[in-house]
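Chain order of the listed sequences is A and B.
My numbering numbers the first residue of the first sequence as 1 and each following residue consecutively.
My numbering numbers the first residue of the second sequence as 1 and each following residue consecutively.
It cannot be assumed that every hint is accurate.
[To be verified] With beta-carbon atoms standing in for the labels, derived distance ranges:
#	chain 1	residue 1	chain 2	residue 2	range
1	A	SER373	B	HIS212	43 to 51 Å
2	A	ALA406	B	GLN165	47 to 55 Å
3	B	GLY100	A	ASP381	46 to 54 Å
[Said to hold, decoys possible] With a straight-line Cα cutoff of 30 Å, these simulated DSS-like cross-link-like pairs (lysine-lysine) come out:
#	chain 1	residue 1	chain 2	residue 2
4	B	LYS78	A	LYS249
5	A	LYS292	B	LYS78
6	A	LYS214	A	LYS97
7	A	LYS252	A	LYS292
8	B	LYS120	B	LYS78
9	B	LYS156	B	LYS120
Note that these hints are calculated values from the structure, not bench results.
For glycine and all other residues, C-beta sits at the position ideal for the given N, C-alpha and C.
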Amino acid sequence: MTTRLLALLACLPLIGAAQLRVFVVDGEAERELAAQFDMGRADAGDSIETRFRVRNSGGSAETVRILTLGGAGFSFSNRPSIPYIIAPGFFMDFRVKFQPSGSGSYSASLTVNSITGILRASSPPVLTVTSEGVALTTSSPLDFGKVELGSTTARRIAITNNTPGTITLSTVALSGEGFELKTALTLPRALQPRTTVTLETVFTPKVAGSFEGKLLVNDRLFRLKGAAASPPVPRATISISPAVTSSGKQPKVSIELASPAAFPVTGVLTLAFQANGSHSDPTILFVRSGSKSIGFTVAQGETRATFSGGETETALQTGTTAGTITLRIVSNSDTLSIAIPATPVVVDMARGTRTSSGLDIELTGFDNTRSVSQLRFQFFDRNGRAIGSGPVSVDAGANFRSFFEASALGGLFSLRASFPVSGDASQIAGAEVELVNSAGSTRSQRIQF
Amino acid sequence: MRKTFLLLTLGACVAGAQSLDFPMLGYILAADRVAPLFGVAGAFSIGEPQYNDVLSAAFSGRAGLLKTSGEVLVLDSKGRMTASVVAPAGPALFAFSAQGFAGGALFPAAGEIYLFRGEKVTRIATELPAGEPVALGISGSGTITVLLNRDGGLWKSRFSIVNGQFEISEFVPGIQAPAVFLPGDGILGMSGEGLVVLFPEKARQQIPLHFHPSAIERIGSGWLLLQADSGARYGIRHDQPEHLYELPGGPQ
Numbered sequence: 001m002t003t004r005l006l007a008l009l010a011c012l013p014l015i016g017a018a019q020l021r022v023f024v025v026d027g028e029a030e031r032e033l034a035a036q037f038d039m040g041r042a043d044a045g046d047s048i049e050t051r052f053r054v055r056n057s058g059g060s061a062e063t064v065r066i067l068t069l070g071g072a073g074f075s076f077s078n079r080p081s082i083p084y085i086i087a088p089g090f091f092m093d094f095r096v097k098f099q100p101s102g103s104g105s106y107s108a109s110l111t112v113n114s115i116t117g118i119l120r121a122s123s124p125p126v127l128t129v130t131s132e133g134v135a136l137t138t139s140s141p142l143d144f145g146k147v148e149l150g151s152t153t154a155r156r157i158a159i160t161n162n163t164p165g166t167i168t169l170s171t172v173a174l175s176g177e178g179f180e181l182k183t184a185l186t187l188p189r190a191l192q193p194r195t196t197v198t199l200e201t202v203f204t205p206k207v208a209g210s211f212e213g214k215l216l217v218n219d220r221l222f223r224l225k226g227a228a229a230s231p232p233v234p235r236a237t238i239s240i241s242p243a244v245t246s247s248g249k250q251p252k253v254s255i256e257l258a259s260p261a262a263f264p265v266t267g268v269l270t271l272a273f274q275a276n277g278s279h280s281d282p283t284i285l286f287v288r289s290g291s292k293s294i295g296f297t298v299a300q301g302e303t304r305a306t307f308s309g310g311e312t313e314t315a316l317q318t319g320t321t322a323g324t325i326t327l328r329i330v331s332n333s334d335t336l337s338i339a340i341p342a343t344p345v346v347v348d349m350a351r352g353t354r355t356s357s358g359l360d361i362e363l364t365g366f367d368n369t370r371s372v373s374q375l376r377f378q379f380f381d382r383n384g385r386a387i388g389s390g391p392v393s394v395d396a397g398a399n400f401r402s403f404f405e406a407s408a409l410g411g412l413f414s415l416r417a418s419f420p421v422s423g424d425a426s427q428i429a430g431a432e433v434e435l436v437n438s439a440g441s442t443r444s445q446r447i448q449f
Numbered sequence: 001m002r003k004t005f006l007l008l009t010l011g012a013c014v015a016g017a018q019s020l021d022f023p024m025l026g027y028i029l030a031a032d033r034v035a036p037l038f039g040v041a042g043a044f045s046i047g048e049p050q051y052n053d054v055l056s057a058a059f060s061g062r063a064g065l066l067k068t069s070g071e072v073l074v075l076d077s078k079g080r081m082t083a084s085v086v087a088p089a090g091p092a093l094f095a096f097s098a099q100g101f102a103g104g105a106l107f108p109a110a111g112e113i114y115l116f117r118g119e120k121v122t123r124i125a126t127e128l129p130a131g132e133p134v135a136l137g138i139s140g141s142g143t144i145t146v147l148l149n150r151d152g153g154l155w156k157s158r159f160s161i162v163n164g165q166f167e168i169s170e171f172v173p174g175i176q177a178p179a180v181f182l183p184g185d186g187i188l189g190m191s192g193e194g195l196v197v198l199f200p201e202k203a204r205q206q207i208p209l210h211f212h213p214s215a216i217e218r219i220g221s222g223w224l225l226l227q228a229d230s231g232a233r234y235g236i237r238h239d240q241p242e243h244l245y246e247l248p249g250g251p252q
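Work out the full structure, taking the sequences as your base and the hints as a guide.
Take a look at the structure:
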């Protein structure tokens, strides 16, 4: 029947609307649809697709009112809504999919308005490959799923001859990291109709990540995929050295598992900071990563975590704000809380300079309470004797409060204080500065002018 | 004495006698970007990068010098560009005056020296002595000096502005590259045991270090950066090189 229909149609000229023409699109190339078009071959269960284009080559708009496809194994994979108006010089695309259910020759009639063509395709006799009753195709991978490291997942694969004739199974090969064929086969082997060979396959990943494999059955290549997740980080102890710390320090943090890692462990250590006030402090961070989290690994059989750079300790910067730093291992919730006590102001650098009008004192440091209230400047003469009956006191509370409210750098500050001198300033050889905050007072080292 | 004390008291009471700001340690070059470094010893914070495509950089605290592909940029203490000068291709070594102002630049690939005197720039083409230039310095007396790595040792060679060439080369014993000049005619470099600090008329200072840096750079007033092969960056002070601090890393 099919052959006679084809012969009849082949004798007829393609009759269509004067302005509409149908083309087969292959990449950038277009060729006009002839009376017959061979879409190629596809194995049973697989599919192939062809793109068609209806062009309006006339000078006025044309409407596609008929778009039909008749024939087993053929279907539209994206059919435009009809009627479809095509402006002059423009086109409309659609795709036809051929997906055979079994071996043999196939044909279908494609009609666009008054244009009709015959589509042909074939499916050679092949072995049917299934897993858990579902036929595998070369276009969609067999998924072994996501497994935890150290676990194995198995898939049973059946190769069946569903054709009426004998087919030789000559090649069965499985490749890909983590994938393994457990069944030993003697090949080649003649498979009689309705006979099946069963394969046992397993996926056993050695490291975390995504994996792909390949299964070759004769000349058909099937893709495999699987993923491996790290198991939760085993129970661990987070340590800090020195154990007692304070602001402005860089103590070392380490992680020790309770028992040797059964598999390579990958984890993340994070820190959170709760200030005694409502301040944030960007200077509290893991120094190596420059952020509030850092990755680590533990090699199989080891207990000590390794951080970036291959070191078993990593520096934590305690910042310049009093509060509590909490270190936490993501995924197992082991934590370590580190109290950062409120302290008097810490002076990091003190410098004095003579200016044309007097003396300048520059101090840098931090106040982890952000509560500096008083500054007391004591000047000394060349003999080291204090000048005057006591220090010069300055109420600095408002200035510091205003500065810290606008600051995004914790308790850090740089202070410059200027002292006009109209007498013999050379008599003044040094100074000491006392800074008072809510935790007490601190005195700078002797500043030399 | 009484008069001086009274004046001091008066001065301290003047409103606005104190000014507060963020403590700026300097600027650091990471990859090809230059970013400000805030903080104090042990509590650092890196700001947003301000210059891109930078090949070489050095900062004294009072001034900065950057080498891009085709220019030298002169910066002030706040990182603002105050001048730019067309320069030969390739990286550069920089030197500052004793007061911390832009002093000189050496372009090893081109064999050129730029001398900065205020807004004036003098360009001198010269022939470099044998060896790999590792540091450029200006002594307290104003002499331009280059440190050269030759046969695993360091040599100091002085540049004569009169003759336009390097003249005397002198071996610096017991010190290796990388190295930098320090204010006060000192040199900080490496030995097999760690850091070495040399100053004229002073005893050699040796500080153990657990790694051999691939580079030492001057990044600000009193601060040097030591670059480790692991990618870690450390900061030390000129005057307290025994205290080593790790500088924040991560994306810049």
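These are the hints, each one checked on the structure:
1. SER373(A) - HIS212(B): 43 to 51 Å: The hinted range 43 to 51 Å holds for SER373(A) and HIS212(B), with Cβ atoms some 47 Å apart.
2. ALA406(A) - GLN165(B): 47 to 55 Å: holds (54 Å)
3. GLY100(B) - ASP381(A): 46 to 54 Å: Taking Cβ atoms as reference, GLY100(B) and ASP381(A) lie about 30 Å apart, which means the hint is violated.
4. LYS78(B) - LYS249(A): holds (26 Å)
5. LYS292(A) - LYS78(B): holds (28 Å)
6. LYS214(A) - LYS97(A): Satisfied, since the Cα-Cα distance of roughly 25 Å is no more than 30 Å.
7. LYS252(A) - LYS292(A): holds (15 Å)
8. LYS120(B) - LYS78(B): Measuring from Cα to Cα gives roughly 21 Å; hence the hint holds.
9. LYS156(B) - LYS120(B): holds (26 Å)
Of the hints listed earlier, the one the structure fails to meet is number 3.
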